[in-house]
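Engineer: Protein sequence lines correspond, in order, to chains B and D. 360 is the number that this note's numbering gives to position 289 of the first sequence; each next residue is one higher, with no gaps. 52 is the number that this note's numbering gives to position 51 of the second sequence; each next residue is one higher, with no gaps.
Calculated directly from the structure, the hints in this document are not laboratory data. Among the clues, some could well be false.
[Said to hold, decoys possible] Straight-line distance between alpha carbons at most 35 angstroms, and here's what the computed DSBU-like set of lysine-lysine pairs gives:
(1) K164(B) x K196(D)
(2) K82(D) x K339(B)
(3) K82(D) x K164(B)
(4) K82(D) x K334(D)
(5) K153(B) x K164(B)
Keep in mind that this is a model prediction, so the values were computed, not measured.
Residues per chain are reported as follows:
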Amino acid sequence: MDLSTFLQQLVNGASLGSMYALIAIGYTMVYGVLRLINFAHGDIMMVGSFMTYVAMEAGLSFGPAVVAGIAVSVIVGVLTDKVAYKPLREAPKISLLITAIGISFFLENLFNVLFGGVPRAFSAPEWLTKVFNISDIYLPATVIIIPIVTVAILTSVLWVLYRTKYGMAIRALAFDIPTVKLMGIDADSIISIVFALGSALAAVGGIFYSISYPSIDPLMGVIVGLKAFAAAVLGGIGSVTGAVLGGFILGFTEIFAVALFPELGGYKDAFAFFFLILVLLFRPTGIMGEDLERSRF
Amino acid sequence: MKGTAIKIVAIVATLGAIYYSNANFDSYTLSIMNNVAIFAILALSYNLINGVTGQFSLEPNGFVAIGAYITALFLIPADTKADMFALVDPAPIVMEMSAPLLPAIIAGGVSASLIALMLSFPVFRVRGDYLAIVTLGFGFIIRIFAMNTPAYTNGAMGLNDIPDIADFLWTGTTALVTLVVMLHLVHSRYGRAMKAVRDDEDAASAMGIDTFRIKTQAFMTSAFFEGIGGGLLASFLTTISPDQFTFLLTFQLLIIIVLGGLGSMTGTLIATVLVMGSMEWLRFLDDDIVLMGMHTGAHPGMRMVVFAILLIIMMLFARRGLLGDRELPDIVKALMAKRRKH
Numbered sequence: 072m073d074l075s076t077f078l079q080q081l082v083n084g085a086s087l088g089s090m091y092a093l094i095a096i097g098y099t100m101v102y103g104v105l106r107l108i109n110f111a112h113g114d115i116m117m118v119g120s121f122m123t124y125v126a127m128e129a130g131l132s133f134g135p136a137v138v139a140g141i142a143v144s145v146i147v148g149v150l151t152d153k154v155a156y157k158p159l160r161e162a163p164k165i166s167l168l169i170t171a172i173g174i175s176f177f178l179e180n181l182f183n184v185l186f187g188g189v190p191r192a193f194s195a196p197e198w199l200t201k202v203f204n205i206s207d208i209y210l211p212a213t214v215i216i217i218p219i220v221t222v223a224i225l226t227s228v229l230w231v232l233y234r235t236k237y238g239m240a241i242r243a244l245a246f247d248i249p250t251v252k253l254m255g256i257d258a259d260s261i262i263s264i265v266f267a268l269g270s271a272l273a274a275v276g277g278i279f280y281s282i283s284y285p286s287i288d289p290l291m292g293v294i295v296g297l298k299a300f301a302a303a304v305l306g307g308i309g310s311v312t313g314a315v316l317g318g319f320i321l322g323f324t325e326i327f328a329v330a331l332f333p334e335l336g337g338y339k340d341a342f343a344f345f346f347l348i349l350v351l352l353f354r355p356t357g358i359m360g361e362d363l364e365r366s367r368f
Numbered sequence: 002m003k004g005t006a007i008k009i010v011a012i013v014a015t016l017g018a019i020y021y022s023n024a025n026f027d028s029y030t031l032s033i034m035n036n037v038a039i040f041a042i043l044a045l046s047y048n049l050i051n052g053v054t055g056q057f058s059l060e061p062n063g064f065v066a067i068g069a070y071i072t073a074l075f076l077i078p079a080d081t082k083a084d085m086f087a088l089v090d091p092a093p094i095v096m097e098m099s100a101p102l103l104p105a106i107i108a109g110g111v112s113a114s115l116i117a118l119m120l121s122f123p124v125f126r127v128r129g130d131y132l133a134i135v136t137l138g139f140g141f142i143i144r145i146f147a148m149n150t151p152a153y154t155n156g157a158m159g160l161n162d163i164p165d166i167a168d169f170l171w172t173g174t175t176a177l178v179t180l181v182v183m184l185h186l187v188h189s190r191y192g193r194a195m196k197a198v199r200d201d202e203d204a205a206s207a208m209g210i211d212t213f214r215i216k217t218q219a220f221m222t223s224a225f226f227e228g229i230g231g232g233l234l235a236s237f238l239t240t241i242s243p244d245q246f247t248f249l250l251t252f253q254l255l256i257i258i259v260l261g262g263l264g265s266m267t268g269t270l271i272a273t274v275l276v277m278g279s280m281e282w283l284r285f286l287d288d289d290i291v292l293m294g295m296h297t298g299a300h301p302g303m304r305m306v307v308f309a310i311l312l313i314i315m316m317l318f319a320r321r322g323l324l325g326d327r328e329l330p331d332i333v334k335a336l337m338a339k340r341r342k343h
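In isolation and in its complexed conformation, chain B is listed as follows (with noise of 0.2 angstroms):
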């Protein structure tokens, strides 16, 4: 592999690793919060993308038209979280996870109905496919957007974790909550705000997603869900910094072994789920994550 290829592959892994990293985040604080994996987060991604597309179809311009997926999309996750997992705070932990997977089948084939199993193509505006040729290295304007983007999201996101109110609230919610609701917090309040938050990452995750594969589809959340969901393991289940760190290296794996054994490029999909299980067995605790029943973030 020459340093051409080296690099170009370089930002394409960014790229992806990017995407992941958005989505994984909300897999870990959900998980951090209730220790809930919440099958419907891949689902929330593919609301995101899909309700972007339908405000383009409607004559929106690219912006407003992202905005408007990723409100959808926190609606979506917001109402999940009040309509099926809140009432089974208490119940056994089965319950509330027969409860995700239920939701997840209820999107995807909500939206087959609704828009089609058929792959549908994603048109973004011009400025986002463009094509640069710096030596050699071709680079659409994506691949470079895209990890910009999503540090300057990342950052923001670990700054109101840290520095305000809010973040303080989520940080000790991980760690105990009736403790925090005796303190006088409003304990469902926060949780909806770290619903609203992981959504509206997984939005934009999704979006990205959509830009650089230009499709989507129904069953779109599902592979990336549990790919992005590997990320969280990998960087330590409960940890911000853990699933942004798991979502780059997932990320720069796929691209790279697949740039370095062309013949395992049927098996890209399946590599998160071999990390997955060998994190599993030598580091449950993932990168990032020092004990696993106080996760935090």
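Once you have looked at the hints, place chain D on chain B.
Structural biologist: Just chain D now, with coordinates in the frame of chain B:
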């Protein structure tokens, strides 16, 4: 003593009924009964890990696929295989595989069980939560492997011309065997240990139960019967492809065990009939519906939207399902005892 006699009579009577139906019913009715029997095998074994042991798993589609492919490769005659594999020549071992149905499905079951053992180490050493996501991922991986190893699976085209040996005599009897084994297991020392793990893993561990071992045993047993069910399914359908074993299959089974009651084997049996029946009955939802003169157009997937809502409503308002975690005979016994008191 009396209990054993009743059990033996019930088993013999059921066997007689299976034999009678297989000989006398028309082929359409039998194909429905076949389907129900196979789903009963799958749902009963699925309930062992999810309901009895309380470990949320999403494995059935993966293990059913393994059982189906292995059984199919054993059953299809060598010359048919040589014709069928269009993309690449079949691997030598594929050409050598040949066996009657019973050893073939057992091979399928054992393979599924061994894979369950392999998955147990990363999953159960940590915490049960990851089982769901690992098994969900596994279902996709199996599909990726089936697509990418055409020398063994014939890729996306799948395997066809699988000999149609699994009639209702096979599937019905296997379902009966599965039910009897599961009921015995649930009422054994192992079953009590599994329930203890479900109810409170720390307490179970403190009482000296090796929780890792019990969970692994439950998972392997469940996988074994799912592999068997998959093998029967392959022979019943006569054609299989990677797209058949999607998450949809697992979801149907999940609905069944939740409706029947997590942990209740007889409840699962009742729910299998109810769910499979209503899947057929609600088929009209997927078609063009004329509502006040307006055509809605065909919308495949509508049934699944309805079933997904049903599952969520059940979890929110009727978590115990039809029978909770009790068995039908126990409920009948309790009712009789109540009447005697009056």
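Engineer: Now tell me if each hint is right for this structure.
Structural biologist: Now the hints, each set against the structure:
Of the pairs offered as hints, the one joining K164(B) and K196(D) holds, with about 15 angstroms between alpha carbons and a cut-off of 35 angstroms not exceeded. Between K82(D) and K339(B) the CA atoms are separated by roughly 29 angstroms; this keeps the pair inside 35 angstroms, and the hint holds. Taking the CA atoms of K82(D) and K164(B), the gap is near 47 angstroms; set against the 35 angstroms cutoff, the hint is violated. Between the alpha carbons of K82(D) and K334(D) the distance comes to roughly 54 angstroms, so the proposed pair goes past 35 angstroms and is violated.
Between K153(B) and K164(B), the direct Cα distance comes to roughly 17 angstroms. Compliance with the 35 angstroms bound is thereby established for this hinted pair.
Consistency note: the structure conflicts with the earlier hints numbered 3 and 4.
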